[in-house]
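Dock chain B against the given chain A, drawing on the hints supplied.
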Amino acid sequence: MATTHEDLVLDARGLLCPMPIVKTAKAMKELEPGQVLKVMATDRGSITDVPAWCETTGNELLDWHEEDGFLVFHVRKHD
Amino acid sequence: MADQEKLVIMVTHGPDDPELATIPFVMAGAAVASDVDVVMGFQGDGCRLVQRGVAETVSAPEFAPLAGLLDSIRELGGQFLVCSPCVKSRGIEDELIDGAEVCAAARFVAEITSATNSLVY
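Residue numbers (numbering that gives the first Met the number 0), protein chains in the order written: chain A, 0 to 78; chain B, 0 to 120.
The shape of chain A in the complex, shown without the other chains (with noise of 0.2 Å):
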């Protein structure tokens, strides 16, 4: 799998709905545009959650998959 590059690491594991994007919403603001989050999280209402988060507020999910027991998402800024 392709590794892609972040800029700012969210470890969201443990927290539940809808903390991890709280927090992903915070964290975001310390990033500049076109910058990446990426966000671990093992709730699993992020998969859908933040795709829904992501659309709301104009940010890009780059891409998501599973690890060891959590979700891993890439997030850009937008601009």
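One or more of the hints may lead you astray.
Keeping only pairs whose Cα atoms sit at most 20 Å apart, straight-line, the calculated EDC-like set for lysine to aspartate or glutamate is [stated by the list, open to error]:
no., chain 1, residue 1, chain 2, residue 2
1, A, K25, B, D70
2, A, K28, B, E74
3, A, K28, B, D36
4, A, K25, B, E4
Hints were generated in silico from the structure; no laboratory data involved.
Only chain B this time, still in chain A's reference frame:
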């Protein structure tokens, strides 16, 4: 987004029903995280949730703890409006958390009619 979205969420369940007390905070948290303006309105026993020290006691299975949700919503700009007669009848008007604003019916109506949508729990 072309126009700023605004969601009003009315809360009528208190600590005696942790799940229905927590769900409106979950929705509000998702909304503020999505750049939606949020006004939470507390009526009836819902007022107890913005009484100092109460949120910390409320947690529903499989939901994020209410106190953390409340702090995040406040940090991301959510507003808390509390029904005036509801807090007076419970004797808690001087015990509300920072940022909770006591108001009456016309203010709720103004918030709801100017919102994109409203939810009632």
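Holds or violated: A:K28 to B:D36, with C-alpha atoms at most 20 Å apart | holds (17 Å)
Holds or violated: A:K25 to B:E4, with C-alpha atoms at most 20 Å apart = holds (19 Å)
For the pair we were handed, A:K28 and B:E74, check the Cα-Cα distance against 20 Å.
-> Distance ~13 Å between A:K28 and B:E74 Cα, so the pair holds.
Taken at face value, is the distance from the CA of B:D70 to the CA of A:K25 at most 20 Å?
-> holds (13 Å)
Consistency note: the structure conflicts with none of the earlier hints.
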